[in-house]
Amino acid sequence: MKLELTLNGRPCVTEAPGHWTVLDLLRDGLNLMGTKYGCGEGVCGTCTVLADGRPIRACLVLAAHVRGRALVTVEGLERDGRLDPLQTSFAERGAAQCGFCTPGMLLAAKALLAQNPAPTVDDVREALAGNLCRCTGYTKIVDAVLAAAPGAR
Amino acid sequence: MPAYRVIGTSPARADAWEKVRGRPIYAGDLAVAGMLHGRIVRSPYASARIARLDTRAARALPGVIAVLTAADVPRNELRMELPGRMAEATAGAVLATQPALAADRVRFQGEPVVAIAAETPEIAAGAADLVEVEYEELPGVYDPLAALDPSAPRVHDGGNVLRRWHLRTGDVARGFSEAAVVVEHTYRTPFVDHVYLETETGLGWIDAEGVLVLRVSTQVLEHYRDVAEILQLPHGRVRLEGTYLGGGFGGKEDVTVECLLGLLVWKTRRPVQLVFSREESFIGHGKRHPYVMRYRTGATRDGTLTAVEAELVSDSGAYAALSPWVLLYSLVTATGPYRVPHVKVDATTVYTNNPVASAYRCFGSIQTCLAYEGQMDALAATLAMDSLALREKNFLRKGDALATGQVLETEPRLSETMRRAWAGLGEPRSPRRPTRIGRAVAASFTPYGRMCWTRDSASAWVGMELDGTAVVRCAAPDVGGGQTSSLCAITAEVLGLDVAQVVAVGRDSHFTPRAGTTTATRQLLMSGNAVLNAAREVRHHLLAAAAALLEAAPGDVELADGHAFVRGAPGRALTMASVVKGAIAEGRPVQALEKYDAPSAPTIDPLTGQGKAFNDYTFGTHAIEVEVDEETGRTRVSRFVACFDAGRVINRASAEGQLEGGAVQGLGYALMEEIALENGVSKNPHLVDYRIPTSLDVPPIETLLLESGDGLGPFGAKGLGEPAMTPSIAAVANAVSSAVGARVTQLPITAERVRAALGSPA
Chain A
2 MKLELTLNGR
12 PCVTEAPGHW
22 TVLDLLRDGL
32 NLMGTKYGCG
42 EGVCGTCTVL
52 ADGRPIRACL
62 VLAAHVRGRA
72 LVTVEGLERD
82 GRLDPLQTSF
92 AERGAAQCGF
102 CTPGMLLAAK
112 ALLAQNPAPT
122 VDDVREALAG
132 NLCRCTGYTK
142 IVDAVLAAAP
152 GAR
Chain B
53 MPAYRVIGTS
63 PARADAWEKV
73 RGRPIYAGDL
83 AVAGMLHGRI
93 VRSPYASARI
103 ARLDTRAARA
113 LPGVIAVLTA
123 ADVPRNELRM
133 ELPGRMAEAT
143 AGAVLATQPA
153 LAADRVRFQG
163 EPVVAIAAET
173 PEIAAGAADL
183 VEVEYEELPG
193 VYDPLAALDP
203 SAPRVHDGGN
213 VLRRWHLRTG
223 DVARGFSEAA
233 VVVEHTYRTP
243 FVDHVYLETE
253 TGLGWIDAEG
263 VLVLRVSTQV
273 LEHYRDVAEI
283 LQLPHGRVRL
293 EGTYLGGGFG
303 GKEDVTVECL
313 LGLLVWKTRR
323 PVQLVFSREE
333 SFIGHGKRHP
343 YVMRYRTGAT
353 RDGTLTAVEA
363 ELVSDSGAYA
373 ALSPWVLLYS
383 LVTATGPYRV
393 PHVKVDATTV
403 YTNNPVASAY
413 RCFGSIQTCL
423 AYEGQMDALA
433 ATLAMDSLAL
443 REKNFLRKGD
453 ALATGQVLET
463 EPRLSETMRR
473 AWAGLGEPRS
483 PRRPTRIGRA
493 VAASFTPYGR
503 MCWTRDSASA
513 WVGMELDGTA
523 VVRCAAPDVG
533 GGQTSSLCAI
543 TAEVLGLDVA
553 QVVAVGRDSH
563 FTPRAGTTTA
573 TRQLLMSGNA
583 VLNAAREVRH
593 HLLAAAAALL
603 EAAPGDVELA
613 DGHAFVRGAP
623 GRALTMASVV
633 KGAIAEGRPV
643 QALEKYDAPS
653 APTIDPLTGQ
663 GKAFNDYTFG
673 THAIEVEVDE
683 ETGRTRVSRF
693 VACFDAGRVI
703 NRASAEGQLE
713 GGAVQGLGYA
723 LMEEIALENG
733 VSKNPHLVDY
743 RIPTSLDVPP
753 IETLLLESGD
763 GLGPFGAKGL
773 GEPAMTPSIA
783 AVANAVSSAV
793 GARVTQLPIT
803 AERVRAALGS
813 PA
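So the protein sequences, as listed, match chains A and B.
Counted from 1, the first sequence has number 39 at position 38 by the numbering used here; the numbering is strictly sequential.
Counted from 1, the second sequence has number 699 at position 647 by the numbering used here; the numbering is strictly sequential.
Be aware that a few hints might be false.
[To be verified] Computed spacing ranges between beta-carbons, pair by pair:
{"no.": "1", "chain 1": "B", "residue 1": "Gly288", "chain 2": "A", "residue 2": "Gly10", "range": "47 to 55 Å"}
{"no.": "2", "chain 1": "B", "residue 1": "Arg686", "chain 2": "A", "residue 2": "Gly10", "range": "39 to 47 Å"}
{"no.": "3", "chain 1": "B", "residue 1": "Thr238", "chain 2": "A", "residue 2": "Glu42", "range": "32 to 40 Å"}
Think of the hints as simulated: they come from the structure by calculation, not from any bench.
Bear in mind the structure is a predicted one, so any value in this text is a computation, not a measurement.
Heads up, the beta-carbon is just placed ideally off N, CA and C, and yes, glycines get one too.
Please build the complete structure, drawing on both the sequences and the hints.
Written out as structure tokens, the structure reads:
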């Protein structure tokens, strides 16, 4: 089937078999490898991307459902060669260890900060509760998100 | 403490910039033209005979290229061999080898039976459905204690006892006769899973020289030998290319996809990708061993330990994997970081038809910590003594001997780690019903570096480029702990460069100097020292070249900030690029290949455990506060402080990250995680019902790092990866026990178990 959508700020016209998920579309169809398979069941959050600014599980949502929507993946966070403040903050604060959950974490955090530019610790922990990390224990991830918040004092 | 420029700081790791950009650095991120997709058919039964296996329909499906069975495997046995004195170390063990593909019998649920390669993942899945396997269920054994009964069904012909180790020192009967009090408890731990976010993954192809190349998410590049053995190829004809791992924790220490992938590539002569699904990851790879640990601990009235008697039984599951060595770690750590004059420990690892158990962070030294630290709190309660004071009275000090007879050559600083962690909990809080608050500590010791008998060695190459930057080549897999970036930091420190001026390239069995496995908390010790030695050799040449160019004595030249200068005369300076060019013009080498050999020793005596099992240990304490709801039994960890002697911190953020991550992985093990088995069959092979901690389940982790400089690693560093987790489960169990007023001895500490403990007499 033919799909038209906005991908990382640019128009995208592509083809995808009807049974493909967004994860299949990104990795196998569009060669965007930043979005990861973690469980295939929508539990771990590793495949989180943004559709119209809201986090979705790319492994659960069929590609057909993002027709006409604006999709943002980790590859779309960097703009004109400048990293998103969240990316810089994660790298500088040791929030990425193995890094496999990082793309999903970044996008979940991006959605949070867009809604709430000055979140509390509890807000951040709540917003990231659907994204599993097995390496960091979350402490440095939460710190990195707080430090990147535009409304942070 | 000497002043360092790079060591101990927290520069952003080079890999972190790639990771936050989502760059394709993992094993599953690379596709090759013409690539096939692999799929494994696994046994749904834990114990069965394969009565009939028919692959004709699967092979007939268009797009299916290969459907392989045991008959297609040239040598169908995976051996678990470590270099060093292997024969000596395994004498008397029943080491059952595992087939790559089961031939006539399956021994655990998830055992691979058929390997498929097809043009698309969908076709491969369709072919898997068309494979016809007729199983005849056989009696199985699913409890390690039941498996010890001589009449139990045999998992292997040699019997169900895989390996026994024994530890004897002093006279345990005398020790108990000298005791005023004796506490006795039995501790139980479950099967748990690593749950790295990246499942087992690999891509393979055959290169221009006819070498089978496997790009795999593995902690062990040396598995190229296992693939070569399975395929009966010369070892040099199989190459393993390492990638950044999406987590390992010991689960990618054993062979995962390597042999099945190698087989599919070799037989099809096509590139093949093999990715395990999350369910396959749950049922298909090694778990942490469940343990049953019966402990008796005796002490005098003033709290001096007199005797420990323990019986440890671990469930190895269906095959040997690394169980004998996991058990050896348990044996050596069985009495904890304490002086105990009279010790008797009998440890047994047993085959069952449960999932294969093998390496998992802490490798047998975490289960024993639950027991020995539970015993200390039980003793304190019996003696009405402060549990910290009781520990302090018995802690190992420099010059003391472990129960194995090994004398500690440096000060463990146990008391300092415990007191600081405890103080980190802050002022006591008064609980309000129905919440009860419990606080406790657990102290620990964990080996870093391999067992001495393995004659461990690592090599590394460091070289200068003409622009004054440096390259490190070292085949040390990076599991996410910052292994690569630490090697860069060590090089930058020695050569006076910024970390950004050093790049560590490639983790490859054939292209980079062999560095051994990223396991056993060994890589900073081993590769770190190898890189340190190589960088120092390069430094020696650079100093000589700079001295000649600056007309100074080499001893007066210093390297810093990418320059060479005469000490005390910063005006007399050269860029590193000019020094390198000068060195080359004079014919001096600007590169070095060096190695580091860990001190070696014979295997410990299997009947007495006496000897030197490990070269050194990392010591540390967890202090924990829990809130227990006495109505529901629900437990929340409200505070968590970790204090360890790191020896020397290389990258501070990475070191803190190990402590934070180890703590939280431990909280999952303590409170939430268990593979629920029914006759060997997993009832929860999905993340939906095997829950691990989320950001809402855990508190912020406070970390305190001591730097004694006493480690055997670079600049006196010790290892932190595994030790960071060791005390966690014991600290939680002790804190919950303190809150409910009864000993909690079984993991996971679920609300039901807490409620039961609340109802039991104190």
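Run through the hints listed earlier and report the numbers of any the structure violates, in increasing order. none
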